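Given the coordinates of chain A, work out where chain B should sit on it, guided by the hints.
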Amino acid sequence: MSAPHLLASEGETFQDHVPGLNIFDWGPLFPSGPAWLDWFTKPVLIIMLSALVVVLFSWRAFHAPKLVPKGVQNVGEVAYLFVRDQVARPMIGADGDRWMPFLFSTFFFVLFLNLSGVIPVLQLPATSHMAMPIVLALVVYVMMLFLSIKHQGLVGYFKNMMFPPGLPKAIYVILAPIELLSNIILRPFTHSVRLFANMFAGHLLLAFFASVAWWFLAEKLTVLGAGIGIVGFLMSIIMTAFEIFVQSLQAFIFTLLAASYIGGALHPEH
Amino acid sequence: MGNLAEVTGDLGSIAYGLAAIGPGVGVGIIFGQGVQAIARQPELTNVIRQNMLLGFALTEALALIGFVVGFVHS
Numbered sequence: 001m002s003a004p005h006l007l008a009s010e011g012e013t014f015q016d017h018v019p020g021l022n023i024f025d026w027g028p029l030f031p032s033g034p035a036w037l038d039w040f041t042k043p044v045l046i047i048m049l050s051a052l053v054v055v056l057f058s059w060r061a062f063h064a065p066k067l068v069p070k071g072v073q074n075v076g077e078v079a080y081l082f083v084r085d086q087v088a089r090p091m092i093g094a095d096g097d098r099w100m101p102f103l104f105s106t107f108f109f110v111l112f113l114n115l116s117g118v119i120p121v122l123q124l125p126a127t128s129h130m131a132m133p134i135v136l137a138l139v140v141y142v143m144m145l146f147l148s149i150k151h152q153g154l155v156g157y158f159k160n161m162m163f164p165p166g167l168p169k170a171i172y173v174i175l176a177p178i179e180l181l182s183n184i185i186l187r188p189f190t191h192s193v194r195l196f197a198n199m200f201a202g203h204l205l206l207a208f209f210a211s212v213a214w215w216f217l218a219e220k221l222t223v224l225g226a227g228i229g230i231v232g233f234l235m236s237i238i239m240t241a242f243e244i245f246v247q248s249l250q251a252f253i254f255t256l257l258a259a260s261y262i263g264g265a266l267h268p269e270h
Numbered sequence: 001m002g003n004l005a006e007v008t009g010d011l012g013s014i015a016y017g018l019a020a021i022g023p024g025v026g027v028g029i030i031f032g033q034g035v036q037a038i039a040r041q042p043e044l045t046n047v048i049r050q051n052m053l054l055g056f057a058l059t060e061a062l063a064l065i066g067f068v069v070g071f072v073h074s
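Just so you know, the sequences run in chain order A and B.
Once you know that position 211 of the first sequence is 211 in the working numbering, the rest is easy, because the numbers rise by one and skip nothing.
Once you know that position 49 of the second sequence is 49 in the working numbering, the rest is easy, because the numbers rise by one and skip nothing.
It is worth saying that the hints were derived from the structure and are not from the lab.
Because the structure is a prediction, the values reported are computed rather than measured.
Be aware that a few hints might be false.
Claimed, not checked - Across the chosen pairs, the derived CB separations fall in these ranges: (1) B/Q36 to A/D25: 29 to 35 Å; (2) B/Q36 to A/I23: 39 to 45 Å; (3) B/E43 to A/L221: 56 to 62 Å; (4) B/N3 to A/M130: 34 to 40 Å; (5) A/F30 to B/P42: 53 to 59 Å.
C-beta atoms are modelled at their ideal positions from N, C-alpha and C, and glycine is treated no differently.
Bound-form chain A, shown alone:
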């Protein structure tokens, strides 16, 4: 018998209110609306808002660049330099600047999708639905295959991937199938699951601590339970700060990996 069960014994217990997969299920925003609006759910709304924010931000920052930047252009240039110097150039090389439009918009799109998990009212990271990261990862995957075959040739691509030069012959028996599996099959899977699982776990964690605070402080306030409620309340604040860090880091890592896949396709020797 667990502690929460002992502390609030009569009637319902906290176990009946632990958030589970149901917090990710969002029906249509207008349940009584027309049937053709059924696709319009909360994640869809968040994705549309994020796309709008990226477009508006880039438009305001870069539509009429001045030599001496003012206002939003300052922020935009710092953001651009961050993506260029931390992601594009180290991962792709000198021609990384050509990929900046894609990397910049990917980074900020994913960042806003993630941050919607801690923005009041929205409070659902849209990337905690597998559909979103898998599409982004597939875009990068298809692009990587196309670029690899274009720059290395179909035979050259598989030769560079499975038989890198300078290794003892016997190693290739093990190396070739592992490389094939990890590059062709597992790559889009891990690329998307990494983002999805981080957001999914983070959202569950936040919801859990928030409902601990709600249950023990507001719903069933007891002398013993209040302590647990205060711990839950403090933890939900700490975890929110931690989530902001994780969300930014995951957006960065998603872009970093996309750039490294593109860079690997362009320059197979690295």
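Same frame as chain A, but now just chain B:
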């Protein structure tokens, strides 16, 4: 012959605990060695941090797959 040993309860949690061992060791090694490398050659901090995060992301994937499998299986 009956069961010699049986585990009941939330198997997903146990499985995730097991799945987190390896990546936990791996992430520790990556950041430990990364910090050591930065301490030895502070002028290469940027390059080291790139590769540290890349290695961290690749290692962490295993733990996250373990986390998701529990939900998928149930």
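Taking the hints in turn, this is what the structure says about them:
For the hinted restraint 29 to 35 Å between B/Q36 and A/D25, the CB-CB distance of approximately 46 Å leaves it violated. Range check, B/Q36 to A/I23: Cβ separation about 41 Å, and the 39 to 45 Å hint holds. Evaluation of the 56 to 62 Å hint for B/E43 and A/L221 yields a pass: the beta carbon distance comes to about 57 Å. A hinted range of 34 to 40 Å for the beta carbons of B/N3 and A/M130 is consistent with their spacing of about 36 Å.
A beta carbon spacing of about 57 Å between A/F30 and B/P42 agrees with the range 53 to 59 Å that was offered as a hint.
Consistency with the previously given hints fails for number 1 only.
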